[in-house]
Amino acid sequence: MGLLTPDPGLVFWSALTFGLLVFILKRYAWKPILQAVKSREETIEYALAAAEKAKAEVEDLNATKVQIMNDAKAERDTLIKQARELKQSMLDDARNKAQEEADKIIASARLQIEREKNEAILQLKEKVAEFSVDIAGKLLEEELQTTDKQQAIIDKYLQEVNFN
Amino acid sequence: MQNIRLIIVLIGFWAFTQTTFAANTAGQSSENEFDPMEMIMHHIADAHEWHVISYKSDGEERHITLPLPVILIDDGLHVFMSSAFHHGEEVVQKGQSYYKLYHGKIYKTDAAGSIKYDEHHEILNEKPIDLSITRNVASMWLSIVLIIWLFTTAAKRYKGAPAAPKGVQSFVEPLILFVRDDIAYAQIEKGKADKFLPFLLTLFFFIWINNLIGLIPFFPGGSNLTGNISLTMVLALITFLVTNFSGSKSYWGHIFWMPGVPVPIRILLSVIEFIGLFTKPFALMIRLLANITAGHIIILSLFSLIFVMKSAYISFVSVPMALMMFMLELLVAVLQAYIFTLLSALFIGMAVHNEEH
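For the protein sequence lines, the chains are A and B, in the order given. Straight run, no breaks: the first sequence in the working numbering ends on number 174. Straight run, no breaks: the second sequence in the working numbering ends on number 351.
These are computed hints drawn from the structure, not numbers from a lab. Just so you know, these numbers come straight off a predicted model, no measurement behind them. Any given hint could be a false lead.
[Stated by the list, open to error] Covered stretches of chain B (in silico footprint by chain A; criterion: 3 or more residues with CB under 8 angstroms from a CB of chain A, positions within the stretch not fixed):
hint, region
1, 131 to 142
2, 169 to 179
3, 187 to 198
4, 296 to 306
[Stated by the list, open to error] EDC-like, lysine to aspartate or glutamate: derived pairs with alpha carbons at most 20 angstroms apart:
hint, chain 1, residue 1, chain 2, residue 2
5, A, K148, A, D165
6, A, K48, B, E167
7, A, K36, B, E116
8, A, K107, A, E95
9, A, K36, B, D188
Even glycine gets a Cβ: it sits at the ideal position worked out from N, Cα and C.
Please take these sequences and the hints and turn them into a complete structure.
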């Protein structure tokens, strides 16, 4: 029965000691430890969340970068294509214009030649007429006394002269 | 296979020593008879002196003990060292009264120090109020010095910016977090648990460290503090008080007027629940006491076997078995601390819980 009989002395001292121990540990151990652990847990959680956020941001940035690069590539391609087309069209235009110009020049040249030729013919005709008149005069001087037959011969010769 | 062979060898030794013991006892006188019961009781009971070692010199048994202060309240306060009793051989006179140390307890006697018994062999002598610093009290103080040193050292490391745990901090932190998360937060509603954490943490480490000190077989360990009913009673009483002083309205409602059952059953249940209020801490008290004391008794019994059989060969059985028991006791030490704390947290959790209907 001795084992199951509480001893007042030990009851007193253990109650006092345990009470004091709770008080001391609460003040100097549990409070600082639990607070520090809690704040550390919060810090870790916050840091993890921040890291996650930063990671998402980096991913976002990467996606944007890829997007920008793709856009730039596409733009470059279209630009090159456009430039090529422009070049082609410019060349074509130039060629066409040159052709046209050349055609025009040739046409006008032809016109000019025609005109000059006609003028020359006209002048020649005049000259021939003059010569004819001169010749006729000379002939007239020579043969004026002769007959009208002679005049008819002159006309006949003039008619025979073909200038063309 | 190896184990089976070992067991066979051990049984062989045991049988062998049995026969030698039988042969030896025939001519042995009974005057020097070893009494295991007395030895075990002496070890698990409290004492007024702290036994360090005993040795034999000139055929006489000598004890080296650490005397502890005796504090008696009996017509005033008497304080003296327990060495004054000379291990119970001498009567101490203080004022008009004489005191004698008899089987670990202090009794008031006459000048000759005679102890009187009644017919049931109960001691009739009056006992003064004894507030002595006994072995258990001294051991408890040793343990709290250790606990305070351990945890304040760890607490100092938490100053400054949050950092990874180091040294003693990394040893105590998982334990503290275990008590916080798996005992307090698991049993008590969130938001209400923090208030009880200092109590639960102190309870857990106090019981555990004292269990371990009790397992150290030599000075300054070996006291049976957590196997002493006085201590377990105080701890259970504190749990009882903490539980009932933080009881919510619905807790008391469930005890005295159980909702949702017919009136006659309510009356019956209120009686049962009221008894339950006291049986819960009572079970806490007995569980810790019985587990720790039983462990001490088993280990001491195993060693007693050597002396009862008067054969050193028994140690081939006793020592491995005691070793096994020690391992088990190391587990029991932490397990009982855990159970006591867990159940305390459970009772508190039940008390503070506000049921929504």
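Do the hints match the structure? See the list:
Given a C-beta distance limit of less than 8 angstroms, the hint that chain A covers the region 131 to 142 of chain B holds, as 6 residues qualify and 3 suffice. Against chain A, the region 169 to 179 of chain B contributes 3 residues with a C-beta closer than 8 angstroms to a partner C-beta. That satisfies the three-residue criterion, and the hint holds. Coverage of the region 187 to 198 of chain B by chain A holds. Counting CB-CB distances below 8 angstroms, 6 residues qualify, and the rule asks for three or more. Restraint check on the region 296 to 306 of chain B versus chain A: 0 residues with Cβ-Cβ distances below 8 angstroms, three needed, restraint violated.
Distance hint between K148 (chain A) and D165 (chain A) is fulfilled; the C-alpha atoms sit about 14 angstroms from each other, no more than 20 angstroms. This hinted pair checks out: K48 (chain A) and E167 (chain B) have alpha carbons roughly 12 angstroms apart, not beyond 20 angstroms. As the CA atoms of K36 (chain A) and E116 (chain B) are separated by approximately 45 angstroms, the hinted pair breaks the 20 angstroms bound. Taking the CA atoms of K107 (chain A) and E95 (chain A), the gap is near 18 angstroms; set against the 20 angstroms cutoff, the hint holds.
This hinted pair checks out: K36 (chain A) and D188 (chain B) have alpha carbons roughly 12 angstroms apart, not beyond 20 angstroms.
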